[in-house]
Structures are given as C-alpha cells and as structure tokens.
Amino acid sequence: MSDLAAASAAPLPRVNLYLACGAALTALAIAVALLGLVYSPYAPSKVDLLHRLAPPSPAHLLGTDRFGRDVLSRVLAGGWRSITLGFGATALGLAIGLPIALLTGFYRGRLDQIVMRFVDALLSIPTLVFALLVIVGLGPGLVQAVLALGVAASPKFVRIVRSAVLDAASHDYVTAARARGESALYIQYGEILPSVWAPIIVEGSINVGFALVGGAALSYLGLGTQPPHADWGVMINEAQKYISVSFWPLLGPALAICASVIGFNLLGEGLRDRLHLQRSLRDV
Amino acid sequence: MSDPLLEIENLSVSFAVGGALHPAVKDLTLALHPGEIVGVVGESGSGKSTALLAVMSYLPGNAVIESGRVLYGGVDLLRARRETLDDIRGRRVAMIYQDPTTALNPAMTVGAQIAEVLARHLAMTGARARERTHELLRLVQLDDPPRVAAAHPHQLSGGMQQRVMIAMALAGEPDVLLMDEPTTALDVIVQAHVLDLVRTLHRQLRSAIVFVSHNLAAVAQLADRIGVLYAGELMELGPARQVLEQPSHPYTRGLIAAVPRIAARQLPQGIPGTASRDPERFTRCVFTDRCAFTADICRDVRPFLVELPSGGGHVSRCHFATEPERIGAGAPGPSIRTASGQSDESGPLLDVSRLSVEYRRGAGFLGLGRSQVVHAVRDVSFRLPRQRVLAVVGESGSGKSTLARALLRLIPAVNGRIVFDGADVRALDSGRLRAYRRRAQIVFQNPTSSLNPHKTVADIVARPLVLEGVPRDDRRSRVLATLRAVGLTEAYLDRRPQQLSGGEKQRVALARAFVTEPLLVVLDEPTTALDVSVQATILELLLEQKARTGCAYLLISHDLAVVRQVADEVLVMREGLICESGPAERIFGSPSHPYTRELLAAVPDLQPVSTRNSV
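Order-wise, the sequence lines are chains Z and X.
Numbered according to my numbering, the first sequence spans residues 1 to 284.
Numbered according to my numbering, the second sequence spans residues 1 to 615.
Derived from the structure by calculation, the hints contain no laboratory data.
Values in this document were obtained by computation on a predicted structure and should not be read as measured data.
For every residue, glycine included, the Cβ atom is placed at its ideal position computed from N, Cα and C.
There may be inaccurate statements among the hints.
Selected chain Z positions facing chain X (Cβ under 8 Å, derived; list incomplete) [claimed, not checked]:
no.	residue
1	175
2	191
3	194
4	269
All chains should be modelled from the sequences, with the hints used to inform the complete structure.
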C-alpha cells in the first residue's frame, strides 16, 4: 500500500488509555512499595490484642488483623517483597530466556530443534506447578520463590523472544553484518536484540503481574515469604481463615494485588498497542 | 466518442492519522470509455492505489472522502448502498491485485475460488460452473484446466497465479477491469507473457481496463491513454503516443528520461529529490521542489489542467504547458557516456571455476526426514577483471543470488574454486575471511531490510570501520567523506532509517559498502525496490563510486535495461547453469542462446502501443 506511506509522517496518537491507566496503577504500586520501606503508621508486627479484626477506623484505615496488627502498615511494609517477587522473577526469567532465544533463533538448525522441543515440553507444565517443583528442590522462602517463578517463566520468554528473533534474523541487515565479518555474538546482541525489545518489554510487564500473583500464591501456600514477615500473599493467606468473622483484613492486600496486576497488564497491553503501531507505521 | 463507462469526478481522499488529515488524492478526474485501456503511472505515494481502492469502495477505515463522485451506470459508487455495491463489484467492475500470493486464498483450490464468483454473481453452480471455470482458465492460456482448477495456489507459479487472478476477475464478465500493478511482482519474461495475455483478452472481450503501474514501459505496452499521477494529483493525461512522444509536463518528461532503455547504452537521468508529502502542498504546484523550471508562479499558484493544442484531450497541469520552450521541450537528451573504465592491472580480481552450491529442502526434524537436494548453482565458472562490471542476469530461481552469497561465503559451496585477488576464498581461515569480507562488500535490494531500523546513519556507516580497527577520530572524517560522496550531508548522521526515503536509505547502504574502500562490491538488485526517478540517480551514483574507488561490481539483476547501462560483461543464468556469457556488447547485440533472446525480447520498451500495432 504505497499510498499509505504518506501517513507514516504523521505524529502518533497521543492518548492511549491502556498505557495511561497501566502506567498510573504501576507507578502507584511501586510508590506504595517504596513508601513502605521508609514509613508505616505503626510497626508492621506490633500486636494489639485488644483491637483484633477491627473494621476500618481513623486509627486503622484498613482495619486490623487477627493479632490486632495494622493492615495498612503491613500492606505498606509487605509491598516491596511482593513487587520484588514480580520484578525479580521476570528479570530472572528474561536472563535465562533471552540468551537461549537469541542463540537458537540465530543459529537455527538442529540446536534450535532440540532446544525448542525441550522448551515445548516445559511449556506444557503449568507455570505454578513448575514453580512448585522448583521450590520442592530449594525449600521455602522469598529468594527461593523468586528463583522458582523466574525459572518457571523462562520457557515462555524463550518461545516469544525466539519468534521475534527469527523475524529480525530474516532481515538483510543481519546478512549484511555477516558479510562484513561481524562476530556471532555482536550480531545477536548488537543487531538483533535492539529489534526484539518491543515484545520483551510487553511480555515482561505482563509477566511482572503474573509473577506477582504467582508469588502471592506461593506465599499463600506458605512457600514464599515466611511469617511473621508480611507480603500481600501471606496476608491473604492469614486473613482468609477469619473471613467468616471479618473480611476487612483481606481487603487491603487483595486490593493491592489487584491494582498492581491490573496495572502491569494494562501497561503491557498499552505498550503492545503503541509499539505495534509504531512498527506498522514504519513498515508501510 | 461514446459515453464514458466509469467516471471519476473531482475525487479527493485523505487519510486520518493521529488527528491530522493527510491528503492522498486531490481533485482527480478521469473517465474510462468502453473498450479502452487507460494506463495510470505513478511512483510510491502518488495516490494511484488509493484512487483504485476508492473506485471499489475498499478504502481502509481511516480514509476520508473529501469530495467527488465515482459514477458507474449512473450510480455513485462512493455513496451507493452495500447491496448495490455487491452487485457491481466483482460483477461489473473487477479488480486484479499486485501480489497474487496474498490475493488468493491458500486454503482453497483455485477452481473453487473461481466457482465462488460464478455462484455469487451468475448463480452458476455444479457441472455448469465447473465447465465455465475450465473455460475461463483456458481463456487465460493455462494448459490443462482441470489440473489447474484442482490445484491450491502454492502449487502454481507466480505467473500462473496471476493468470488465475485474471480468470477470477473475468468470471463475472465485467465491463471494467481495474489492474493494480499486476505485473510488478513477476519476472521479466512472465511479465511479458501477462502483458501479452492482457492485450489478447482485451482484443477478445473489449472490456475497459484501468492499468495502474509505476512501470512506464509496461503501461506503454498496453494503454490507449496514459495518465500521470504525482503526489496525489493528475499531472498529465492524454493519448499514449502523445504523452510518450511529446510529454508536456516536466515531471512526465523526467519520468521518461529516468527509464533505462535497452536499445542504447545511455545512462537514464534521475529526478533529484523526493515527492512532497506536505498536507499543504496543493496550494502550489506539487512538483515545484523537484522541477528544474520552477518560476515564482509555481510556488504561489496551483496550476490547472490545461488543454494542449495537440488535441486528443491531452491535458497538463503546468503553468507553462502552452509554452513548451519555457520548460525545456526539445532540449537534447542525456548525453551518452561510457560507463566503464578499462582494466590495466594484470590478473582477474575474481576467478571462479566450476562452482556448485546445493542445499537440502524439507529435511524434517533433526534432518532425519527425507530431503530433496536442490542444485542451486551448477558448475559455474567466470572471471571478473579488476574495475569492471560483471552482471549476472536471470529470473528468480535461476541461482544468481545464491551464487553471490556463495562468493561471499555466506553459504557454503560444495565444489569448485573461488580465487579472489590471488587467494582461495573457500580455504580462508576465520581471520583471513574477515579481511576478505572487508574487501568484498554487498549491497542488497531492499534498503529497508538491509539497514537496522534501530541504528543511526552514523553508527551504520561507521561500523565497518570499527571492525577494521580505525581510530575514532579518523572514523568520523571517513564517514562524512563517504556520506558526501553518495550525496548525503552531515545532517543525516543522527537520523534513523525510518526517517529516510527509499533512495536515501539506499545511499546509506552504499556508503556502508564503500566506506572501507573495497575491491569488489556485490550489488544484489540494487535499484529494484526504488522508484524509477530515484533508480536512475542511484545508477549514476554507482558509476561515480566505481570511478572514485576503482572497485569492481558483480551486479545481480533481472532488469536487463539496467544491466545494459552499466555492465561490461554479462552472465546469463538459468536453473543454476550459465546459458551464455560474454562482453555486454555482444550479448545485447547478437545473443546466441535462445533463452537470452527470450529475455531480451521480454523487456518492455517505451514504444507506445499505437505505433507498435502499425508496425
């Protein structure tokens, strides 16, 4: 469509609702986590047996849990663990997945076929079950949960990034790089990697939300953050046993998880639209 | 003259992108009379596809029709109801697209796809539809219609697919055929056959045809009248012979001068600059920026279509259309230049003997399945003297690109010797191979693909110097010098490929190839992806660079007219074998192999159809 090329000079549409909402919610979640590192209304582990399972009040804005601990303080204090889980697991997943994807997508051939069948096998295991398998080997704890979720996420990254690598590697600029005698490593990281950032960023931000839920699930199962430390998953785990008495302790952490997961997913969707749009405008 | 069949009146179409309107077609008026062929020529961005899509009401969602009507049989197609359109599109007015591989449904047999049209528009089904399908396939000169009808698109060649597309368009027995670059995706011989077919069908069926193409020579083969579109406006329209032989508009004249001719060794002339995309461009003459005869009035006043005294409805959108001497009519054509220097050093630069390349297809998982060995290049021998241009010509699948890649050791050869500057290329160790690759560069067909969109021009051009270990300070000056040599300025250093036009991108690709001053540059269809007016400037630039650096070219091309202008030696390849080789003068003057003769005969020339018929 040669005539549409005229359109490519136009500025991109500035308003992207997904991107704006996603960025705002994500920023809020990160702000909460950072604030929790330096400030909370009460000490997060301060027990107040006289005010157990209290509804919200001016003194306790999100109520108290079964030991009378302030829910808001614990949401703030636990935030960084949950967010770290999300980012840490995603970063690890990428650190494992990206080099494999570049390697197999660049060299193709038998290596690619063997690695990808193996990846396919891993992909058939649900991520959480895969993470549980890893935890079984490593034992419970926050660091172990990050490792488990990161390893579990890596096959997905291999799959997604590899297809982008295949696409980029089919361009003549890769052949041109080979023709002028570039090393395989430079071609992978200097020529191909910049072209596959778009899917990496999109999948990465969606995966942060996913790992956050996974981390909460592991914590909920008692395999992630260990009590008395708080993270949002642990808090839900503790609060749900008393849900028939009071749902207030559940509300704070549940909202925090929902907001961050929705935020990261919207951010991913928004980025996808925007990056895809840029690409499609460039290609006409 | 009879009443027009299809009338486009004052059509203006814009695309809404990011809240702004970008005009694509402005005030287009064009009438199509029964039984005539109107050729519409335009480069990318000229609005030719948009105009066709508007006629079919197939414009994308962000298109805005700002004014105009498209009348067919008294119905305004732009405002017709869906049901009315459905009865006209495909039935009375049918369209043939550029790329049959995407226009045909890969999941259906071609017979079923043609039968679909018959059932929809003529309520023809069962045995009658099958019979008619075979008739249509026979009409487009496909052998063994039952076999073709039972085939899926991927089982047919590109030329056969395009014939199927034409059969499908004819199924509704339309009065009007719209053809959008129907031969552009095809090889030169196939293109000649499809053009022949269109001519024959037109003689048999007398349907009116709008033939849209960027290829002026292809249009000249068919059209009764030719319209020239530029930046969304009709610049000139008239009887084919008058437009080609007495072009009135400076753009038309430039376009004709830019077409390489096979008849003579004469460099085509490019038109400097690129088409304006400024939304405000219609307040002046849209060609002002690139016109050699621009006067004040051109920048201030938009010209009307002026009727020329030569008659025949010949009109031109130029302020000076009636004063031809003001715009250089009758000026001498481009001077003939000798395109090559003589080689004085002894010993060939490249000496290839008995080179063969094979690859395996369909090897399956881990190469365990049954595979087929494809002999892409068989027993090819040739010599390329220093500072000369050797052209390898052939259709796609002839093995010419494989040969080029094997020479650069991008793919392994199975047999034979490649001696470059005295060294056996196939035996080089990795260090020497790197040195070889610095002295043997490659330029690809499509600069959009060969330049990494994420890098700046400075990074792209400097990279070969980084590899060579040139210190940073020297790098900058050498990059700048090379950019200037290819006609770019310092201002381009920080731009990225998507900010450049096609011609500028190819200049950057050339700069990257020349910055290390190689001895050999492989040019893989270097002008095929470019507009005609830009093609000529790039060809000129290539010859300049050769003169400046004293390198040799291995030119891969299927465009014999381009080869004619620059090659010293020609190698004709077919199915991996050399058919014929020798000095360009001899190959073009007295080809001995029948295949070479066929190739040469297939090249369309600018001779208009009317003179052709009278011969």
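Structure-based check of each hint:
1. Look at residue 175/Z: its Cβ gets to within about 6 Å of chain X, closer than 8 Å, so that hint holds up.
2. The beta carbon of residue 191/Z comes within 6 Å of a beta carbon in chain X, closer than 8 Å, and the hint placing it at the interface holds.
3. Taking 8 Å as the C-beta contact cut-off toward chain X, the hint placing residue 194/Z at the interface holds, the least distance being around 4 Å.
4. Here the hint on residue 269/Z is broken, as its CB sits about 20 Å from the closest CB of chain X, past 8 Å.
Of the numbered hints given earlier, the model fails hint 4 alone.
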